[in-house]
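One letter stands for each residue in the lines below.
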Amino acid sequence: MIKQIAFFANLVTMFILFIAYNQFENFLPTMQYEEKIAWLPAIGVTYHLGVDGPGIAMLMLSGLVGIASVLASIGIRERVRTYFALLLLAQASVNGAIVARDMFVLILFWGASIVPIALLILGWGGPRRVGAAWRLVGYWGLGTAALAVGVLALYAVTGGRTFDMDTLLGTAQSPRIQIGVSIAMIVAGATRLPLFPLHGWLRDALAEAPVGVAVVVSGAASRLGAFLLLRVVIGAEPAAAHLLSPVLAALAALTVGYAALAAIRSVDIRHAGAYLAMVPGGITLLGLAAISPLGIAGSVLSLFTGGLAAALIAGVCATVSERAQTRSLLLLSGLAPRMPNIAWIFLLAAFALLGVPVFASFASEVMTFFGAFKTQPIGAFAVAIGLAITAVALAALLGRVLFGSPNSDAPGVSDAALGETWYLGILAGALLWIGLFPGGPKIPGTDTPLFDPGFVSQIAAGVSDITSNYTLPASAAPAAQ
Amino acid sequence: MRYAVLVPEALVVALAVAVLLAGRFGWMPRTSRAYLPQVTALVVLVAFGIELWAGASVTTYFGGALIQDRFALFAKAAALLTAAIALAATDWAAEDSLHIGIAMPLLSAFGVMVAASAGDMLGLWAGLELAAAAAVVMVSLRRPDLALRLLLVGGVATGLILFGLAFLYATTGNSDLSAIRDVLANRAPTLALALPMLLLAAGLAVRAGIAPFHVAGLPAGAVAMVGGGAAALAVRSPRPRLAYLAVGQLGWVTAGLATHYRSGIAASLFLLGAFAIAATCGPALLGRAEGGEPAIAGLGAVRPVRAAGIGLAMLSLAGAPPLAGFFGELTVAAALAQSGNFVLLGLGLLGLVMSIAAVIGTLRVLSVMSIAAVIGTLRVLYIQSPLEEARRGAAAALPAVTGLSTAGAVAFCVVIAAYGVFGNPILGLADQGAEALGLR
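Note that the protein sequences, when read in sequence, are chains A and B.
Just so we're aligned: the first sequence equals residues 1 to 481 in my numbering.
Just so we're aligned: the second sequence equals residues 1 to 440 in my numbering.
What the hints contain is simulated information worked out from the structure, not anything from laboratory work.
Computed from a prediction, not measured in an experiment: that's the story for all the values here.
Note that beta-carbon positions come from the ideal geometry of N, C-alpha and C, so glycine has one too.
Each statement offered as a hint is correct.
Here are the in silico distance ranges between beta carbons for each label pair:
#  : chain 1 : residue 1 : chain 2 : residue 2 : range
1  : B       : Leu146    : A       : Gly412    : 55 to 63 Å
2  : A       : Pro41     : B       : Pro240    : 37 to 45 Å
3  : B       : Asp182    : A       : Pro41     : 24 to 32 Å
4  : B       : Leu52     : A       : Pro41     : 14 to 22 Å
5  : B       : Val414    : A       : Thr30     : 35 to 43 Å
6  : B       : Ala417    : A       : Gly126    : 29 to 37 Å
7  : A       : Arg128    : B       : Gly403    : 41 to 49 Å
8  : A       : Gly445    : B       : Ala417    : 54 to 62 Å
9  : B       : Leu52     : A       : Pro441    : 58 to 66 Å
10 : B       : Gly403    : A       : Leu347    : 56 to 64 Å
11 : B       : Val414    : A       : Glu34     : 25 to 33 Å
If we take Cβ atoms under 7 Å as the criterion, some of the chain A residues that face chain B in the derived model are:
#  : residue
12 : Leu40
13 : Ala42
14 : Ile43
15 : Leu108
16 : Gly111
17 : Ala112
18 : Val115
19 : Leu152
20 : Tyr155
21 : Ala156
22 : Gly160
Build the full structure now, drawing on both the sequences and the hints.
Given below as structure tokens:
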């Protein structure tokens, strides 16, 4: 019963989201669907929600990942009610953090996801779940602390009257304060996304978590890190963004390179999946570090595609290890003939991660790299090398697990169950759909959208507002002539 | 109508005395066990309602001995609500001397109410002593050895407070609290004033159980917050962990008080309300679960509502969003940031801002440590399987399920979860309370 409730709750959410997405006015640069109610006027807290283009992209991502996570959790047998209650709580906190337009509300939801996810890992995880949960709590707690420090610093310098983002992010600060706040925000984002030096929780958390939780963490919860950087550092602290963009590019290159090398060296397929799920975060960050309109637009799209690709690769690796009854890459070999469905999806996941044309991640990577090669050539080149190593890692993984010589000593293997095929199919299908119809399908012969107004054009709303800080030199030059 | 404000106090103390006398002289029929806790909780709730309804008037009684202001209203309402929920949530089936068990929380609440509305030193001291003495009796019902220790420590605290008050009286020549405040506000700090203050603070700190006894505002708050979180992580049994978490949150209260500004005091009061409810009802919900984690292992499966209450109490004390403690702690943090900014603009004391920033940083990390500790307990509550009946000793006996205890636990969960949602009226009241204390 609780499974049906969880599934239909997610389905209805997705339905409402789809209506919101269709009604979304993509020519407005402002927040839409705003709600604003005074909450604690004594310290200036308002219950202020709203979405712009990147926000609706994140919400659609969270909705899709939510449905996939419930489908991936169909196999849960023990303490089912607690499991799904915690899963829905985790999703709700992620959605809350996406739509928050008040920094207090953001801290609230940002921190609120820690407890349910840690409990899910502790209660339903793999053999090393205890360490995994502690690390998750430690790193995410550090990130929440950094976020709180940054927010309170902004609150103090703006006069301590309100936590509303319109004020905190709308007033220009001195560069010194911008840099201080930005560093705190980068720490907060780096623990979530995760970026290279603060990624310690990722491998164990994604490898030990039950499949549905790994999907939520890698797909939606961790994308919040890049979303925060986009909102605060790139969107509101232009001086700091200019100064720190080489640092961001270096972090992106380190993250992608480290993840690819670590994936090559893994002997556990879920560890390999966890490391590979770090790669899209690095690409998103590279787009942000480009601080050019094209790069930022690419990183907004890659928030969505990267989340789906990360959830797909982490999920498919977990499903393979469950169906093959082992996680060891020394045993997994030549499975393609015996699990054809999973083999296909595994291939799609690898292509989606690498940004092969036809997938939406292709568009986002092209935009990101075109934007970044101009402003961050060294960083972009390093990330490209990292992506090449990722391709090698994926090729080695696929070649061995799917197409190697079959291992007669390995435990028995079965193909994906219906729920597993569906959850992976939804993630891969969304990537394919947006890759094939970035502007939405049109009624033949006209320019009227059929039912999907076009993801790429919808999420562009508000991006011009964010990038306006970085277009001035280019637009000023023609005006001077 | 003027004396309607005193009705809650009268109700509480009359009920306590009646229950005590009836228990002592055997006037209570055997069947009263079944309904006495219900009746008591109901009467306290009625007192709570009257307090909210009639307490809005600002007056003084008995020639200024009792003052009904917003601060008194806030503290009394918090004390009454806490007492009602704690009375309802306690497992009375396992209680041998029911009348003492019921009367003492009432007397303790009465003591808090008297201290909150005291107009002079005598009322303040009497209220604090009454609350503390009743607490000693409550502890002695379960653990006579601990009660003896508490009695000794409490005696030291009483002595310190009394000395402090006497010194203060000698220095200021006044026993009226508002007159003392006026004197203190217009005088430069001298040794003659610092001495009684130090004594008072030390006495109150012993009472409050703040980790080290040297209270110097911010440092003590920081030490308590750090010490509480670390200690909570170190211990494993639920009851000490709850206690250490409470110490950590009390550190936050102290840090808010140390700002000396109205917003900071209001934030501290706001947090104090959340703290009082969680720190009082958490142990009540825990019941007789002595002897470490096994006693509560898997309680989530067999006593779901009670387990939810314990978990929420711990999370709230640790400051996990989105519960009462989180709102209180972040409000204090905001007040610290606000006051830091004020100092920056007004006095240019950059050092203070940095120390406040450091405190805020420590605070969050602290709170994280506490959350880590709580998750350990939640795991025990929900994820471990319960002990078999045969292995359950007397110490780990399951609390009985009654309609009242379920209602109490549910009420507790609702209060803890909704404290932030309805934070505006509560914080507004706390703000007026801080104003009543004479702060800008």
